[in-house]
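My request is simple: use the sequences and hints to build the entire structure.
As you go down the protein sequences, you meet chains E and Z in turn. Its first residue numbered 1, the first sequence is counted upward by one per residue in full-length UniProt numbering. Its first residue numbered 1, the second sequence is counted upward by one per residue in full-length UniProt numbering.
Be aware that one or more of the hints could be misleading.
Said to hold, decoys possible - Cut-off 25 angstroms, straight-line C-alpha distance, at most; resulting in silico cross-link-like pairs (DSS-like, lysine-lysine): (1) Z/LYS43 x Z/LYS27; (2) Z/LYS33 x E/LYS177; (3) Z/LYS126 x E/LYS126; (4) Z/LYS33 x Z/LYS43; (5) Z/LYS33 x E/LYS259; (6) E/LYS259 x Z/LYS259.
Keep in mind the hints are simulated off the structure, nothing from the lab. This one's a predicted model, so the numbers in the text were calculated from it and none came from an experiment.
There are 2 protein chains.
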Amino acid sequence: MTYVTIRDVAERAGVSPTTVSQILHGKGRFSRKTRDFVLSMVKSMGYVPDSRARAMRSDPVKTVGLLVPDLRNAYFADMVASMEEELYARGISTLIGSFGEDSARQDSFLRNIMGQRIDGAIVVPKGVPTHGIEDVVRWGLPLVFVDRRVPGLTSVPYIVSDPGQGIRQALQALYRKGHRRVGFVSHSSLASTTLYERESAFRELTAEMMPDCDCPVVDCEGEYDSRVAGLDVLMAHHVTAVIFGYSPDAITMIGLMQKRQLVIGADISVVSFDDIEVFRLMTPQVSVISQQAQEMGRRGVREVLELIGAREDAADDDGKVASPQEANDSMERHMVAIPTIFIARDSIGPMHRN
Amino acid sequence: MTYVTIRDVAERAGVSPTTVSQILHGKGRFSRKTRDFVLSMVKSMGYVPDSRARAMRSDPVKTVGLLVPDLRNAYFADMVASMEEELYARGISTLIGSFGEDSARQDSFLRNIMGQRIDGAIVVPKGVPTHGIEDVVRWGLPLVFVDRRVPGLTSVPYIVSDPGQGIRQALQALYRKGHRRVGFVSHSSLASTTLYERESAFRELTAEMMPDCDCPVVDCEGEYDSRVAGLDVLMAHHVTAVIFGYSPDAITMIGLMQKRQLVIGADISVVSFDDIEVFRLMTPQVSVISQQAQEMGRRGVREVLELIGAREDAADDDGKVASPQEANDSMERHMVAIPTIFIARDSIGPMHRN
Numbered sequence: 001m002t003y004v005t006i007r008d009v010a011e012r013a014g015v016s017p018t019t020v021s022q023i024l025h026g027k028g029r030f031s032r033k034t035r036d037f038v039l040s041m042v043k044s045m046g047y048v049p050d051s052r053a054r055a056m057r058s059d060p061v062k063t064v065g066l067l068v069p070d071l072r073n074a075y076f077a078d079m080v081a082s083m084e085e086e087l088y089a090r091g092i093s094t095l096i097g098s099f100g101e102d103s104a105r106q107d108s109f110l111r112n113i114m115g116q117r118i119d120g121a122i123v124v125p126k127g128v129p130t131h132g133i134e135d136v137v138r139w140g141l142p143l144v145f146v147d148r149r150v151p152g153l154t155s156v157p158y159i160v161s162d163p164g165q166g167i168r169q170a171l172q173a174l175y176r177k178g179h180r181r182v183g184f185v186s187h188s189s190l191a192s193t194t195l196y197e198r199e200s201a202f203r204e205l206t207a208e209m210m211p212d213c214d215c216p217v218v219d220c221e222g223e224y225d226s227r228v229a230g231l232d233v234l235m236a237h238h239v240t241a242v243i244f245g246y247s248p249d250a251i252t253m254i255g256l257m258q259k260r261q262l263v264i265g266a267d268i269s270v271v272s273f274d275d276i277e278v279f280r281l282m283t284p285q286v287s288v289i290s291q292q293a294q295e296m297g298r299r300g301v302r303e304v305l306e307l308i309g310a311r312e313d314a315a316d317d318d319g320k321v322a323s324p325q326e327a328n329d330s331m332e333r334h335m336v337a338i339p340t341i342f343i344a345r346d347s348i349g350p351m352h353r354n
Numbered sequence: 001m002t003y004v005t006i007r008d009v010a011e012r013a014g015v016s017p018t019t020v021s022q023i024l025h026g027k028g029r030f031s032r033k034t035r036d037f038v039l040s041m042v043k044s045m046g047y048v049p050d051s052r053a054r055a056m057r058s059d060p061v062k063t064v065g066l067l068v069p070d071l072r073n074a075y076f077a078d079m080v081a082s083m084e085e086e087l088y089a090r091g092i093s094t095l096i097g098s099f100g101e102d103s104a105r106q107d108s109f110l111r112n113i114m115g116q117r118i119d120g121a122i123v124v125p126k127g128v129p130t131h132g133i134e135d136v137v138r139w140g141l142p143l144v145f146v147d148r149r150v151p152g153l154t155s156v157p158y159i160v161s162d163p164g165q166g167i168r169q170a171l172q173a174l175y176r177k178g179h180r181r182v183g184f185v186s187h188s189s190l191a192s193t194t195l196y197e198r199e200s201a202f203r204e205l206t207a208e209m210m211p212d213c214d215c216p217v218v219d220c221e222g223e224y225d226s227r228v229a230g231l232d233v234l235m236a237h238h239v240t241a242v243i244f245g246y247s248p249d250a251i252t253m254i255g256l257m258q259k260r261q262l263v264i265g266a267d268i269s270v271v272s273f274d275d276i277e278v279f280r281l282m283t284p285q286v287s288v289i290s291q292q293a294q295e296m297g298r299r300g301v302r303e304v305l306e307l308i309g310a311r312e313d314a315a316d317d318d319g320k321v322a323s324p325q326e327a328n329d330s331m332e333r334h335m336v337a338i339p340t341i342f343i344a345r346d347s348i349g350p351m352h353r354n
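Structure representation (structure tokens):
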């Protein structure tokens, strides 16, 4: 059996072997076009980073740890699966953990991976400082936060989701279809910063884009009963469209609307946050504001690989490893905001006059 | 700050410290009642296995690897989260991976964890022999299969789901409500052994329990269009109840039924495999046949801890580690079948005469 080598890929792509290697290892600065082209070549030619070849080059397989609050949450599961795919395509191994929103469990995972052969970590942390996360920073492990950050740990790069663009696009689409009374459903009992930011963005954007309209915000505090009550409030305001900040509320309230003989996409238009599979399976398919979990995962991977690369380059240059403080300082306050995007489906339609 | 010790827990629970320790480490044979009681004490008293105390006892924290095909599949995500919780409660760390149904990725994860400090692994494998999985067995790592097994690797204990009991319970409930024409929806293009076993069990049980009834099996081969066609066939057979083997089919076809003005739970009764969150959120809530993912995870954990314990005991007894072959031989053909169970909700009701 003959293996495709980096040299083969380089020749076909018309670049140097070093370029292919750097792109595979997330090093160097290349245009997105070059990077995508080379990676597509790698994929189509079936190049597989060979562990035996690596061992001979004494370049052991790298491993990155990924930690998220909850794998039962489809958004985090999607994000972590995307990061794992992206890392695997670059020949990097992954070790995943979740911590059920429990600080002690988060710290336990971090302590464990620090005892393994690990090269970096991407973490969706508890939003509070803990010994475990502070130890990782002090220890100098290349670390990136995604979706949330920890107050005080400003040296850690983080990738956040910006709800504004997606809500703006959804409101524009609804406005063009004649909607002037758009409701927003929040869920305060979750005490989620992300959800609070969505609600704030909705308030600001409706004030700016639809200043003369009635755009109520209702709050589901619990499960079934609060959702029935929330729908009553929306109906009392005669809204013709609803944006849901929290997807489980959308699934239940769409069912409640149908039970009240409202035709989704005709009598009432519906948009929900989170691009999860069930919204593509429902009839009609539900329009969503996507956080682009995959794009967030990709950026998280790129950032952590840059940190790992910077550390190695420093080691190569001086013959000694840069202090973690130096490595972290150079990235200070590095924030990447990934915009949300609106995806229109049959759950929105022209405003019905009742 | 004072820490709760194992001794404190033992005193309060009225058992010996050794019993608490054994239960925390999944060793020994205790009744489910004792085990649950001690673990609830551990939890309510806030006992945390202390890594410093462990280090002093030179009893390092154990780590178990968990590998599933796809974290975006809610069933596997739920199973893996349950196993992680169960292991954490016993003071054991977890490293998770997924492989997107790709054999090379599966083997890459296995090679990686064999290079880490790992004590055992629970795997939902590709159903074909691969070098990676054979190497793990040869290497003697304590290994358990869940949900699927690999032909030829008979020495590895495995936990499987038995669809029969859940389907029998669902058919009994439907029969008692007067249903005599029950359809089953399969999805052959997935080439899933699990789904094939569900379909076979349905055919056998309807032949046994409802021999004079018309119980058609329809096949969704693709996505939307095949689901529309499948519903047409079911309606042509005048079925009054439907059991879905694959939950995405259920979500779409329930929407299609509602679009045709069929009231779920009145005009037509619906049951789906897989106890996923969306079925509790829908209106009406959907009756399910649960694979008991959590119970499968718990049993997988128990099996792997027994293997790890057996290995250590052998090392204690002889002063040398048992050969992997010995450790595996003692478990030969160890299979545990976890029954599925039927959970009735509002999506089933008395048969309507049309």
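Hint numbers contradicted by this structure | Checked against the structure, the hints that fail are numbers 2, 3, 5, while the rest are satisfied.
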